[in-house]
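Colleague: Taking the hints into account, I'd like the entire structure generated from these sequences.
Protein chains: 4
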Amino acid sequence: MAGSTFGTAFRIMTWGESHGKGVGVTIDGCPAGLPLCEADIQEYLDRRKPGQSRYTTARSEGDVVEILSGVFEGQTTGAPIAMMVRNTDQRSRDYSAIMDVYRPGHADYCFDAKYGIRDYRGGGRSSARETIARVAAGAVAAKLLGYYGIQVTAYTKSIGTVSVEQERFDLAERDKNAFNMPDASAALQAAELMEKMMAAQDSAGGVVECRVSGVPAGIGEPVFDKLDACLAKAVFSIGAVKGFEIGDGFKAARALGSENNDPFYMEEDGSVKKRTNHAGGILGGISDGSEIVLRAAFKPTPSISRQQSTVNRNGENVEISIQGRHDPVVVPRAVVVVEAMTALTVADLLLQNRNAKLDAAEGSNI
Amino acid sequence: MAGSTFGTAFRIMTWGESHGKGVGVTIDGCPAGLPLCEADIQEYLDRRKPGQSRYTTARSEGDVVEILSGVFEGQTTGAPIAMMVRNTDQRSRDYSAIMDVYRPGHADYCFDAKYGIRDYRGGGRSSARETIARVAAGAVAAKLLGYYGIQVTAYTKSIGTVSVEQERFDLAERDKNAFNMPDASAALQAAELMEKMMAAQDSAGGVVECRVSGVPAGIGEPVFDKLDACLAKAVFSIGAVKGFEIGDGFKAARALGSENNDPFYMEEDGSVKKRTNHAGGILGGISDGSEIVLRAAFKPTPSISRQQSTVNRNGENVEISIQGRHDPVVVPRAVVVVEAMTALTVADLLLQNRNAKLDAAEGSNI
Amino acid sequence: MAGSTFGTAFRIMTWGESHGKGVGVTIDGCPAGLPLCEADIQEYLDRRKPGQSRYTTARSEGDVVEILSGVFEGQTTGAPIAMMVRNTDQRSRDYSAIMDVYRPGHADYCFDAKYGIRDYRGGGRSSARETIARVAAGAVAAKLLGYYGIQVTAYTKSIGTVSVEQERFDLAERDKNAFNMPDASAALQAAELMEKMMAAQDSAGGVVECRVSGVPAGIGEPVFDKLDACLAKAVFSIGAVKGFEIGDGFKAARALGSENNDPFYMEEDGSVKKRTNHAGGILGGISDGSEIVLRAAFKPTPSISRQQSTVNRNGENVEISIQGRHDPVVVPRAVVVVEAMTALTVADLLLQNRNAKLDAAEGSNI
Amino acid sequence: MAGSTFGTAFRIMTWGESHGKGVGVTIDGCPAGLPLCEADIQEYLDRRKPGQSRYTTARSEGDVVEILSGVFEGQTTGAPIAMMVRNTDQRSRDYSAIMDVYRPGHADYCFDAKYGIRDYRGGGRSSARETIARVAAGAVAAKLLGYYGIQVTAYTKSIGTVSVEQERFDLAERDKNAFNMPDASAALQAAELMEKMMAAQDSAGGVVECRVSGVPAGIGEPVFDKLDACLAKAVFSIGAVKGFEIGDGFKAARALGSENNDPFYMEEDGSVKKRTNHAGGILGGISDGSEIVLRAAFKPTPSISRQQSTVNRNGENVEISIQGRHDPVVVPRAVVVVEAMTALTVADLLLQNRNAKLDAAEGSNI
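Residue numbers (numbering that gives the first Met the number 0), protein chains in the order written: chain C, 0 to 365; chain B, 0 to 365; chain Y, 0 to 365; chain R, 0 to 365.
One or more of the hints may lead you astray.
Intra- or inter-copy, both count: the list cannot distinguish identical chains.
[Said to hold, decoys possible] Below, a list of computed lysine-lysine pairs in the BS3-like style, where the Cα atoms sit at most 27 Å apart:
{"no.": "1", "residue 1": "K195", "residue 2": "K250"}
{"no.": "2", "residue 1": "K48", "residue 2": "K175"}
{"no.": "3", "residue 1": "K20", "residue 2": "K356"}
{"no.": "4", "residue 1": "K195", "residue 2": "K175"}
{"no.": "5", "residue 1": "K272", "residue 2": "K250"}
{"no.": "6", "residue 1": "K175", "residue 2": "K272"}
{"no.": "7", "residue 1": "K175", "residue 2": "K142"}
{"no.": "8", "residue 1": "K272", "residue 2": "K356"}
{"no.": "9", "residue 1": "K195", "residue 2": "K48"}
{"no.": "10", "residue 1": "K20", "residue 2": "K48"}
Treat the hints as calculated values from the structure; they're not laboratory data.
Modeller: Okay, here's the thing in structure tokens:
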């Protein structure tokens with residue numbers, strides 16, 4: 000398995016399991032000279048931390064990041080940036096009840112089929128704790144993008160059947176509720192839905208939307224490393240994602256060409272603009288200078304405490320009831336993960352784009 | 000730009016523009032010993048060929064493939080397999096009307112922003128002719144998968160607002176109508192819709208669905224090169240794709256965990272099976288042995304002959320009316336392209352998976 | 000086998016066998032805006048062409064290159080640059096005498112062991128004709144380096160026991176003799192040696208030296224993609240290379256630190272210079288602004304017409320006498336191949352280096 | 000900079016500086032099921048530890064490795080294996096004397112030229128401490144190779160002008176002297192030489208030789224990822240290496256083809272063998288089943304305490320005398336590093352080779 004590497008110019012490799020010593024990431028390819036400190040990373044990690052509301056797991060991990068290399072006197076040096084978060088809540092437990100059972104909706108069976116061995120203490124490598132490494136690296140990518148005036152912002156678009164209404168959209172609300180919803184009213188409805196889910200020992204899914212502003216036209220590499228294709232992979236690699244869209248997404252499949260084409264026009268300042276943005280900021284896999292808009296659909300949390308039918312390693316049909324710490328919905332905590340994966344992708348393609356063309360200025364900056 | 004490479008173990012590099020000398024692909028990493036001939040490739044290319052119905056462009060390219068290397072005495076040798084299709088329909092034209100204009104919904108502006116230069120004779124590198132290379136390589140991947148009993152099958156799921164009905168689904172119908180729809184009745188409705196589009200100088204989009212059977216459990220590399228993540232990138236790299244789903248996709252975001260989890264059970268033959276397949280054959284990014292199901296949403300063809308507002312290279316607002324050969328819907332011809340990209344992805348991860356674990360048998364087959 | 004790809008930012012994939020339809024290469028990652036035409040490539044190919052003297056094989060291939068994509072109106076567009084050279088001298092032959100025999104010093108046995116199948120018509124993929132693709136790509140890399148004022152120059156340093164003498168070194172002589180030796184007197188001695196070799200049905204090896212001027216300080220990526228490490232791989236991937244050195248090379252292993260360290264000093268123009276260049280222009284894997292100097296040792300041509308003992312596919316001990324077209328020394332024709340591989344490596348790392356640091360200028364040229 | 004990644008199927012990413020928090024490595028792609036514990040790694044690290052003799056630096060680091068992930072119940076799980084060694088000897092110092100000076104023979108100037116910033120506390124990323132990460136990863140690779148019966152063994156071949164004599168070669172001696180020389184007499188002479196070097200405030204270089212036994216025929220990927228090419232890069236990426244050879248190396252350039260070709264013959268057991276091994280076990284870039292033999296030339300330690308001329312960041316000519324912990328010869332400690340890089344390379348290509356061909360057995364082991 001060499002699938003723990005992401006990116007080309009801005010490349011990361013992650014490691015860690017839910018019940019091992021910790022999780023971490025090394026970034027290889029961050030340009031030198033970027034101001035960086037642990038607080039930059041911690042801010043992002045705190046946004047995905049469990050135990051922030053009664054709808055997220057109560058695991059009281061500190062999730063404190065340590066930068067191990069690559070930063071000197073407050074700046075990146077061009078050397079790899081290694082970061083680690085120790086697992087602190089590794090209570091010894093009796094796993095005998097679940098170690099041989101394949102939980103429905105989880106990767107237990109697939110891991111056994113693939114590797115012939117599985118870390119049965121929780122999700123192991125497929126645990127949501129793995130996303131800590133993504134978020135830590137994403138925080139660095141976001142800092143780099145910020146240097147170039149690029150801003151990545153994600154939020155919960157819907158929880159189950161409860162959606163943010165466009166007319167009530169208020170980004171400032173996002174950080175005021177347990178669901179990261181930019182709509183106070185929708186958040187209240189989501190809370191009601193969650194109460195029902197918890198009472199019913201059930202769970203819900205939802206949709207995360209992410210917007211990237213400030214991306215110049217020209218980012219993305221035809222034909223396979225298109226910006227949208229890379230974003231699709233980045234976001235789809237997050238556990239529980241089952242759908243991905245850019246701009247109008249599936250709605251575009253039912254639209255007319257005359258509606259869906261975004262007309263270009265000249266802005267007074269001489270820049271090229273589009274009157275609409277059905278394309279979500281990407282044409283032919285290359286950014287067009289508009290805001291990039293993407294959405295990811297998350298399935299309901301597979302860990303539910305009601306009884307389910309399944310099988311075990313011995314080939315027996317068994318019933319299982321999953322106890323322990325589980326979010327009735329993963330979407331709120333996934334918001335910052337989507338932001339991180341988006342930032343990593345844009346940063347990587349931004350750096351790759353530096354080699355798109357020769358020009359006079361570059362002659363002096365080989 | 001180094002984005003014309005796809006895959007790791009089964010790797011391809013493509014080249015070519017719509018109005019250049021031709022398009023081609025080199026496959027690096029196809030195992031030796033696979034029976035292969037040009038007819039294997041041609042069969043796939045013929046499925047994407049233009050000019051097959053009045054709803055696809057009339058360009059009468061032969062699209063005849065030539066295998067240039069890597070095959071000896073009817074078998075692959077392990078050496079790179081280079082293939083080429085010459086462009087035969089390169090009529091000299093007057094491009095002065097369009098060479099400086101940025102067509103709405105196309106990548107013209109983005110290419111100019113990125114490279115500072117653009118092959119203005121048609122789409123250049125962003126033309127749909129580029130997919131010939133994908134299909135040729137995909138045909139080889141499909142042959143390799145066939146050796147392992149894996150079958151990839153795509154078809155049109157919907158054209159605009161016309162959808163295939165599950166109860167009328169008949170795969171045999173797919174190849175009998177101009178829309179590659181496995182539903183004769185839907186195909187008739189689609190034909191009516193197309194007549195309207197052509198009369199209105201407009202265009203439509205649609206959805207392609209693809210199924211992969213015979214994939215053993217265990218394919219896909221956690222955590223970034225998950226099978227679904229790689230499929231998402233593969234399919235999203237096809238021009239005009241705006242959405243992608245696995246299994247229930249966006250519908251899963253509105254489902255309950257208790258509905259969405261697929262219960263495992265033991266088959267009489269001792270194999271692990273699932274009672275439902277909401278997951279679309281993938282759990283935690285690894286195949287679970289069920290059929291893989293994916294869908295891609297295509298936007299309407301951006302080339303429409305009705306007048307549109309846009310800008311040109313000189314920074315002027317202009318009106319444009321696109322003449323020439325254009326499909327009012329790209330979906331039917333995209334079916335085999337989705338199949339190709341799916342086959343390439345599964346083949347690549349299948350080979351990568353050979354290194355997932357040590358076992359006794361491998362000791363003798365280093 | 001996915002080993003036919005070289006480079007990261009400036010990436011090539013090559014294909015072709017000695018007796019197939021041709022050989023070719025696709026370059027993915029050449030920046031847009033570079034003036035390029037077929038004559039730029041042909042000039043390099045002509046330097047490696049066989050049949051130029053009685054010491055190189057008489058195969059009368061035209062070796063005419065065709066650029067298939069990536070160039071428009073005399074400039075690179077950023078799209079992949081595909082190039083092909085058709086094999087024209089594919090006389091039908093009787094291979095029955097050699098098809099099952101493993102030639103000593105050749106890769107026949109290894110290919111069979113690896114792939115279970117081998118193109119027995121000549122060297123197949125391991126033929127020297129494969130280097131045509133390297134040279135074609137290297138010509139483009141050299142053109143790109145020339146844009147930045149970087150010049151790559153290789154020549155024959157020795158043939159068997161005959162060496163170029165430093166005091167007689169005259170680069171202008173290189174192109175005037177059959178051995179590409181920058182020393183007329185050494186070339187005469189080499190000619191005498193070759194006559195002996197041909198009379199004795201034997202062959203000789205030699206050393207190629209290559210110098211790169213104009214490389215700015217800072218090129219090379221610690222710690223694994225050091226400039227010298229990448230050059231070592233690039234040059235060692237050429238068939239018949241058995242040794243590689245940078246600067247003083249093996250001689251440095253016997254030197255004292257006080258001798259081997261090159262003292263820095265300030266040039267009048269304010270630049271940092273070194274008084275000596277034992278390091279061959281690279282310190283810590285990064286260019287130091289001095290001339291880069293490397294050497295490659297080539298073994299004697301393994302194809303000799305005198306009788307040799309070996310085995311065949313049936314596991315029998317047999318005698319073999321290799322007939323046909325073979326150079327008694329490969330070194331003269333390898334000179335341009337070393338130049339090509341060096342150019343490809345420096346070009347790749349030059350582009351990669353654009354992402355080494357942030358700076359003010361880059362803020363405006365993302 | 001993304002140069003801290005090595006390998007494709009068995010891939011590592013390293014991090015760390017000499018005076019930072021530590022050094023580490025993550026392995027992505029080690030097959031599941033390999034028995035592994037920290038003692039396996041520590042054994043290799045102890046072989047490169049400083050302070051083992053008066054000829055190596057007195058830095059009393061413990062260099063104790065911690066496995067952070069990827070191992071469960073004594074076996075690899077297929078998940079990334081992260082390992083870390085904390086730096087324990089980070090005494091606070093006054094670096095003002097050296098922080099602005101470019102040491103001759105070191106990469107100080109190159110790092111500043113490349114990154115615009117440099118960790119001036121010792122070598123930073125270019126310190127020999129970086130090799131701890133290589134050795135830790137190499138220990139895992141060696142364990143994997145051992146599973147397949149492959150053994151990697153390196154030793155000091157020469158120190159300055161003192162060489163191991165073939166007739167006195169005794170591998171058992173290697174671990175009994177401070178120089179890792181498999182020749183007791185040569186080790187005594189080397190000790191005398193070192194005394195002279197230390198008295199003269201000077202340093203010496205040397206040659207490391209490495210042998211790999213048990214490699215089956217067929218390992219190595221034509222044409223760029225040849226086994227010898229990959230070994231060349233792997234070994235050349237170690238600091239201070241200036242030359243690399245396979246088999247007869249540079250000597251082959253002066254040999255005759257009739258001498259240099261290794262005749263094949265049939266062994267009684269039906270296997271193909273070679274009567275000699277001038278090729279060093281590799282033909283056409285693919286292992287031929289013989290022992291692989293390689294050599295690396297190391298330059299003298301650049302850090303010498305005698306006064307040297309150089310320049311500083313302010314563009315001034317200055318004199319420098321390097322104090323502190325420095326080996327008068329790096330070769331003995333480099334032995335295990337060469338072994339590690341060789342093991343990493345062979346392991347990577349061994350895994351890659353699993354995809355060389357289809358065969359009956361593989362049909363059942365996709």
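Colleague: If a hint holds in the structure, say so; if it does not, say that too.
Modeller: Hint check results:
no.	hint	result
1	K195 / K250	between (31 Å within a copy, 20 Å between copies)
2	K48 / K175	within (15 Å within a copy, 53 Å between copies)
3	K20 / K356	between (45 Å within a copy, 23 Å between copies)
4	K195 / K175	within (22 Å within a copy, 49 Å between copies)
5	K272 / K250	within (23 Å within a copy, 34 Å between copies)
6	K175 / K272	neither (34 Å within a copy, 44 Å between copies)
7	K175 / K142	within (23 Å within a copy, 52 Å between copies)
8	K272 / K356	within (23 Å within a copy, 31 Å between copies)
9	K195 / K48	within (24 Å within a copy, 54 Å between copies)
10	K20 / K48	both (18 Å within a copy, 25 Å between copies)
The earlier numbered hint that this structure contradicts is number 6, and it is the only one.
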